[in-house]
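Each chain, written out:
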Amino acid sequence: MSEFFHMGGFGAYIWSAMATALFLMLLEPMMLVIKRRSVLADIKRIKRLEERKSRR
Amino acid sequence: MYPLNMKINWFKYSAPMNFYPLAGKLIPIFWLLAIALIGLGLYWGFFKTADILNDQKQYYRIIYVHVASAWMAMWLYAVMVAWAMIGLIFNTRLSFMMASATAVTGTVMTVIALVTGAIWGKTSWGTWWDWDPKLTTFLILLFIYIGYIALQSAIDDTRRSDKASALLALVGLAIVPVIYYAVNCPDPNECASLHQESSLKRVESNILIGMLVTTLGFWMYSFATILMRARNIILERERNTSWVSKLEEVNR
Numbered sequence: 133m134s135e136f137f138h139m140g141g142f143g144a145y146i147w148s149a150m151a152t153a154l155f156l157m158l159l160e161p162m163m164l165v166i167k168r169r170s171v172l173a174d175i176k177r178i179k180r181l182e183e184r185k186s187r188r
Numbered sequence: 051m052y053p054l055n056m057k058i059n060w061f062k063y064s065a066p067m068n069f070y071p072l073a074g075k076l077i078p079i080f081w082l083l084a085i086a087l088i089g090l091g092l093y094w095g096f097f098k099t100a101d102i103l104n105d106q107k108q109y110y111r112i113i114y115v116h117v118a119s120a121w122m123a124m125w126l127y128a129v130m131v132a133w134a135m136i137g138l139i140f141n142t143r144l145s146f147m148m149a150s151a152t153a154v155t156g157t158v159m160t161v162i163a164l165v166t167g168a169i170w171g172k173t174s175w176g177t178w179w180d181w182d183p184k185l186t187t188f189l190i191l192l193f194i195y196i197g198y199i200a201l202q203s204a205i206d207d208t209r210r211s212d213k214a215s216a217l218l219a220l221v222g223l224a225i226v227p228v229i230y231y232a233v234n235c236p237d238p239n240e241c242a243s244l245h246q247e248s249s250l251k252r253v254e255s256n257i258l259i260g261m262l263v264t265t266l267g268f269w270m271y272s273f274a275t276i277l278m279r280a281r282n283i284i285l286e287r288e289r290n291t292s293w294v295s296k297l298e299e300v301n302r
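For the protein sequence lines, the chains are A and B, in the order given. For the first sequence, the numbering used here begins at 133 and goes up steadily by one. For the second sequence, the numbering used here begins at 51 and goes up steadily by one.
Just so you know, the hints here were simulated from the structure itself, not pulled from any lab data. Among these hints, one or two may not hold up.
In silico DSS-like pairs for lysine-lysine, Cα to Cα no more than 25 angstroms straight-line [stated by the list, open to error]:
#1 B/K62 / B/K172
#2 B/K172 / A/K167
#3 B/K75 / B/K62
#4 B/K296 / B/K75
#5 B/K251 / B/K107
#6 B/K296 / A/K176
#7 B/K296 / A/K167
#8 A/K179 / B/K296
#9 A/K185 / B/K296
#10 A/K176 / B/K75
#11 B/K172 / B/K107
#12 B/K296 / B/K62
Construct the entire structure; sequences and hints are all you get.
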């Protein structure tokens, strides 16, 4: 098992390359979810404000 | 009557109002396919290639993410230009939204290709960076992607920013064939290229399977993130329309 992670002496390079790809490919969808939440929150807030205005 | 039906469907989904729920249904499917294919591709690449390990230094395994992301960076650029052109010709809002949704995923793929390439270069060439033709042109691709995104966000009027950035994308398309041919050099002594001529026929078949399946997974990942971003852009741009205010997620 440790031989597998060692990768014939290139483990540090191989796993850091894999980790870079994994990190960015998790970060991108996370940012998209955060963005979606903030856009939806904005739309809801404006909608509530307009409903309050129209009730007056 | 078949072509007529096709036409109706086509135009139906070019309207953001109809595209938004369709994209929402497709996103989980693309995520499942992405995880399954990338998992399978890397499994194949790491565990089904034991028999060739004696001849090959193991750093070659970076190939799975490096080649997949580099291919995606170039293909997504072409996809982005295609959407931008459809937008310019037919003046459809959704096409421009798809183009800008594609740009960011393309940028992420370019960064992955450059970073994994630098790590691979350090092990096999002994240097993180060299002004090799492919590296240099790939860096220019990154700058064009960033330029496209920057230009789009610099102009407040979306119609104008869509058109201006679409033109920039079209002009920048020239870099893609240059990247592709940057290594097809008959004599390495003459054109100082560190990258080898790319030939899929020379790649060992199990490595090739791992590489191609991972690439297919990267396509699915790209579809998933592009559709997620397109939905965000649609919500932002159509926030004042009645269909958005009737959405379930807005009324929860």
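Against the structure, the hints:
no.	hint	result
1	B/K62 / B/K172	violated, 51 angstroms
2	B/K172 / A/K167	violated, 36 angstroms
3	B/K75 / B/K62	holds, 16 angstroms
4	B/K296 / B/K75	holds, 18 angstroms
5	B/K251 / B/K107	holds, 19 angstroms
6	B/K296 / A/K176	holds, 11 angstroms
7	B/K296 / A/K167	holds, 20 angstroms
8	A/K179 / B/K296	holds, 11 angstroms
9	A/K185 / B/K296	holds, 18 angstroms
10	A/K176 / B/K75	holds, 22 angstroms
11	B/K172 / B/K107	holds, 13 angstroms
12	B/K296 / B/K62	holds, 19 angstroms
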